[in-house]
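K.L.:
Sequence:
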Amino acid sequence: MAALVGILTGCDFKSGRIENTKELNREIKASQIKRVTNVQLVSSADEWGKKIAQIAEKALRSELEKNPDAGLAHCADLSGIPVVGALEKEYGVKVELLGTKDLKRADLHAKEREILDAYVYSAKSNAQAGDNLQQLNDTLLVYNAPLSSESVICRKCMASQDTTFAVWRLLFNKKEIIRKLDAKQLKE
1 MAALVGILTG CDFKSGRIEN TKELNREIKA SQIKRVTNVQ LVSSADEWGK KIAQIAEKAL
61 RSELEKNPDA GLAHCADLSG IPVVGALEKE YGVKVELLGT KDLKRADLHA KEREILDAYV
121 YSAKSNAQAG DNLQQLNDTL LVYNAPLSSE SVICRKCMAS QDTTFAVWRL LFNKKEIIRK
181 LDAKQLKE
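Using UniProt numbering, the letters of the sequence shown correspond one by one to residues 1 to 188.
No wet-lab data here; the hints were simulated from the structure. Incorrect hints may have been included.
Below, computed lysine-lysine pairings styled on DSBU-like, alpha-carbon distance capped at 30 Å [what the hints assert, rightly or not]:
#1 Lys111 - Lys89
#2 Lys180 - Lys89
#3 Lys124 - Lys156
#4 Lys66 - Lys101
#5 Lys58 - Lys89
#6 Lys104 - Lys89
#7 Lys89 - Lys22
#8 Lys111 - Lys66
#9 Lys174 - Lys104
#10 Lys50 - Lys94
#11 Lys51 - Lys124
#12 Lys175 - Lys94
#13 Lys94 - Lys124
#14 Lys50 - Lys104
#15 Lys175 - Lys66
#16 Lys58 - Lys94
#17 Lys66 - Lys89
Source: prediction; values computed, not measured.
Construct all of the structure, not just a fragment, from the sequences and the given hints.
P.N.:
Here it is in structure tokens:
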């Protein structure tokens, strides 16, 4: 009996293991082997892109309206907005706001510069442009969502441009999309 009491008192039932079960379950789900078709991958990126662009736009608009001077700093670096930082972490995505000055950025893929050029052309001719999802290479997808030229974000963040134009750039890594997908949803 004394040995049993000794064993039970030596066990730490209130360890961090119990508290980490949610995190552990999330990691186990992310590590599951999944068969993901290209259609499922593109569909997920498109769905997430729409949602992330809307949330990021709302968050930046709120920052610009709340505190215009500090909000302008967020135009160049969106990671300073807590909601956008959380989205980047949750979805494994890079969120940026692009304008005409970004047409010459060397770190953009050639296909991205072409798309950006098409968006600028649409803005100059007052044509309505829609969202766009492109596969850049074997590992990256980019989702672009243009903002209305009447948007407070366009007027404030892109005030120095000759054409009032802004587009969201959401850069997805396919590996991260697959990690975030739920295996049960994929079977349906």
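K.L.:
Can you give the numbers of the hints that this structure goes against, from lowest to highest?
P.N.:
8, 15
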